[in-house]
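From just these sequences and the hints, can you work out the full model?
If you're matching them up, the sequences are chains X and B in order. Going letter by letter, the first sequence gives residues 411 to 1025 in my numbering. Going letter by letter, the second sequence gives residues 411 to 1025 in my numbering.
Since the hints were made in silico from the structure, they are not lab data. Heads up, some of the hints might be wrong.
A pair counts as met if it fits within one copy or between any two copies, since identical chains are not told apart.
[To be verified] No farther apart than 35 angstroms at their CA atoms in a straight line, the calculated lysine-lysine pairs in the DSBU-like style are these:
| hint | residue 1 | residue 2 |
| --- | --- | --- |
| 1 | K892 | K711 |
| 2 | K753 | K711 |
| 3 | K665 | K503 |
Here the structure is a predicted model, which means the values were calculated and not measured.
Spelled out, the chains give:
Number of protein chains: 2
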Amino acid sequence: MNTGELVELGQQLRVDSVRAADAAGSGHPTSSMSAADLAAVLFARHFRYDFERPDHPGNDRFVLSKGHASPLMYALFKAVGAIDDEELLTFRKNGSRLEGHPTPRRLPWVETATGSLGQGLPVGVGIALAGKRLDHADYRIWVLCGDSELAEGSVWEAAEQAAYENLDNLTLIVDVNRLGQRGPTRHGHDLDAYARRFQAFGWHTVEVDGHDVDAVDRAYGEALSTRGQPSAIIARTLKGKGVEAVQDREGLHGKPLPDAEEAIAELGGRRDLRIRGERPSAAAAPPAGHTGRLELPRWDKGEEVATRDAFGEALAALGAARDDVVALDGEVGDSTRAEAFAKAHPERYFECYIAEQQMVATAVGMASRGRLPYAATFAAFLTRAHDFIRMASVSGSGINLVGSHAGVAIGQDGPSQMGLEDLAMMRSVHGSTVLYPCDANQTARLVAAMAGLDGIRYLRTSRGVGPVIYGPDEEFPVGGSKVLRSSGRDRLTLVAAGVTVPEALAAAEALEGEGIAVRVIDLYSVKPVDRETLRVAGEETGCLVTVEDHHPEGGLGDAVAEAFADGRPVPRLVRLGVRDTPGSASPDEQLSAAGIDAESIAAAGRLLVAEAIVP
Amino acid sequence: MNTGELVELGQQLRVDSVRAADAAGSGHPTSSMSAADLAAVLFARHFRYDFERPDHPGNDRFVLSKGHASPLMYALFKAVGAIDDEELLTFRKNGSRLEGHPTPRRLPWVETATGSLGQGLPVGVGIALAGKRLDHADYRIWVLCGDSELAEGSVWEAAEQAAYENLDNLTLIVDVNRLGQRGPTRHGHDLDAYARRFQAFGWHTVEVDGHDVDAVDRAYGEALSTRGQPSAIIARTLKGKGVEAVQDREGLHGKPLPDAEEAIAELGGRRDLRIRGERPSAAAAPPAGHTGRLELPRWDKGEEVATRDAFGEALAALGAARDDVVALDGEVGDSTRAEAFAKAHPERYFECYIAEQQMVATAVGMASRGRLPYAATFAAFLTRAHDFIRMASVSGSGINLVGSHAGVAIGQDGPSQMGLEDLAMMRSVHGSTVLYPCDANQTARLVAAMAGLDGIRYLRTSRGVGPVIYGPDEEFPVGGSKVLRSSGRDRLTLVAAGVTVPEALAAAEALEGEGIAVRVIDLYSVKPVDRETLRVAGEETGCLVTVEDHHPEGGLGDAVAEAFADGRPVPRLVRLGVRDTPGSASPDEQLSAAGIDAESIAAAGRLLVAEAIVP
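Here it is as structure tokens:
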């Protein structure tokens, strides 16, 4: 396309954005209009993509970080022939693939769900890192973001990683339209302010008039020819560009144009230009996955092993069996034991430093390139990435998260380092799997099982050593549980997971000595939960005590209660958990203070069997 | 103190750090030793603080962002006479105030809990903003952070806000010891790399040898004399400085010294220097709070009002009655309706732009200066600040968080904008209060009630209008609920909150027409939950259906189940919630698709009463 055609294409994208939002009665046309010329030049001149083969390994990748500008994206999809005009006008309607914010669950040409700002660049960095260090391919990643979202710290975690990793296959296009949702941004049209920041972080920058298609074209060319560092195109634009009634005006964010017909006329009417984009470059397909026999580590019953150690060894073994496994670290690999993988497979180990949002985003990006990522940090610090985990679920991304140092059992370090909310966070994510092993063999099996699941999978590990309870050939289906003790005389069931399993076993032993037969269930699969085994235990024993190293809300206790929320009779229930903010103390002192040690469990069980109210 | 004494003081702080960690058998002495000279000069020469009056309004504020260097902080507290040597050696022991990471819940001289990295500067910015724009006092804020933690995006959210707000009362001291937990940082001893970044964000920077006490003294002086911008002292240091066996060596993070006695000898032995610090400047006490009669907005039954609108108006009214109320926005004040407060009290409204971590940190900082902050954004985006909320709880901070646009009821915008995990997140925070009003008058009352609570208080609001159900004089105690329908014949209880309350009422009406009398409970207080009312309903009706616009885990359904976890008989339970990731659709279509509208509730109730299993 020549200059004139590019200008026309930009206007077409504006018109179609206005039309889509008008048909929907909602949406963000003005945010689409500011970036229309930037997008037109990119798709017509530089973006190499086969829209009939979205899984082509050589495809460039486009991430619309300002996901609310979805009308622009859908107008582009129409211009390349991926959707038709009829579908364009289904925007935001019930059942349409064209959601308010784009998601790959619905649209194969979307790399990652956006709409929570400041997430596009982080995920783009993950993809670019895969291109550079895993695929060794020359596809490029283009991220279009808004200026407002540069206030998100996650953008600077990404900027840091991108420059440090010399990601010259990554170009960020910043649509500086100077207006956020409720008013002007901090820096308005001061392009230098943004350029200074990116330069300081090690990026190449180009400042440009985002409505001058030739200048934009040259800027992209400059980015493409820059070696050794990522590029940021800082483009001055006008929100609502091209329609006087809305151009560069406040108070119009997220609203269809007041008079769509008039606006379309002002933009020169409907057009039907077609983009015949560049073809993708040749590239090898990502690795197939299974390449060898999985030889998980094995431990003998009675050994004392920390589940975090078992995780590290199992992950290294999994990495030997599967060439698609990658590990991501938040600068705590020596604590999570992910370093075992680093030693075995350094080329597939990525140090993300202390930047948990970026660690999860890198996982999402790599998963979109066919990898099987395991990202590990302290369970407590995964809360830093909660919004990224949530959005990964919206994307339908398949990633594995591992949280170590769970609960008060870590001891002296105190509450800042204790994961006491992680089960609640991970359970509430749609489609997630939540696993909490109690011993080394179980951990190893679950590390392997996670690989075969969909969605967000979470494994919770513990810092201290604990007894190996299961033999190395025991199997642990996801959604299952293990009945560790039972008899026909059981009057009580204890439901535990992780560090509370040995405590529950000791409590059961003590109660047995008092003549109270007790069933013990190891609920290693917190989500999905083993409703059937819990139901049977409820019916046969009449009462259950749950015990967890986690705050009482959202964790094991809630998971067990959920199992009984099917309208059938419910057994009597008591939940033990960490009901206060701990201080520093030894692990044993912590379990005792929290009331989740064997003695406390036995006391609660005794009261429950006596049909007394448990305080 | 003269140069020689400052050097000696630095050595004393090292010796005491080594001794404390040695007594504990754990802790981070090497991370303390790198910053000892920086701390010595600060406390001896510049820090103005009355340790007998930690609440002195003119006190400077010191935030140890690298909270793992707590031995250094406790050694300082000993040097100023705030604690004695005996207490120093209780470090990390059960019951000691000297936890592994410092927290103000235990120690009055600590401003905010740290230990999750990258949080000290953000909170320091909040305090500095209070000093500048609320207290108009000349106290200074000093934040000591590590180099590793500069990888956290939250640091750059803070850097942006600090420079934009011209916080020249804030000095950041970066202890560049080049070693993180598992190895070297990205930038090693490249001080320029950090200086460039801070300069680009608008900071004044000083690079200095962090072990040259005179140079450090001059650097602090330069920071103090810099006007109009915050200062960052970028200090080159050595981890484990002063003890050959550990100095500048990898693999020694978070470990006591191998030979404490030898190390102490190498450091020149024990000393007992006393710091006689500078006195605080004169300053007025923060505002007392109540200054006038609270005139909450009032609505008539039957009006159609969105709870987010009621929140905005109620907050403005609360701000008129109390001069300690401040409002913080994440650049969505037009959506959350916090803008109503901005219009009424612009001098107490703080735009934090799209930086939710910084928004919550600003709230924590202002709370520590006696303010009553209300921070509002979309419920979905509060997940971005999860780790800050968690740490605010560890601090014992009293802050109000408001999440708008809850649930699928927002309609077309789609899942990225829908709060579907927020109740789970907020319930799991220790000591939190979780409120979810269904109408305007209830919202206004709860906005006022939040002001009187401790800890983290969360209010969930809705985007769309709903009927005013309660009169303006109705009261809504926290921990209570409202029985909206009941009779002696009730065979079923529907438990709802927020947007599902009108749906539950309509379902009850429909079931009544079929001869099934139904009780309806408005569970506006999700935490603490009204156990008694739920218990009575369970006993009298035998079965409960909970219905919530939230994923089924961690929210209302779990809260109701928790109410029955006291060992007494449990009614039959069914929970309705959002069991899939929604797309775009109208609010009504969304409620129907999620199975939480009146029709779905009635269907579930019908099955439950028939004692059938509810799928």
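Now the hints, each set against the structure:
In this assembly of identical chains, K892 and K711 lie within 35 angstroms of each other by CA distance solely inside one copy; the values are 16 angstroms within and 54 angstroms between copies. In this assembly of identical chains, K753 and K711 lie within 35 angstroms of each other by CA distance solely inside one copy; the values are 27 angstroms within and 67 angstroms between copies. In this homomeric assembly, K665 and K503 come within 35 angstroms of each other (Cα to Cα) only inside a single copy, at 16 angstroms, whereas the closest approach across copies is 58 angstroms.
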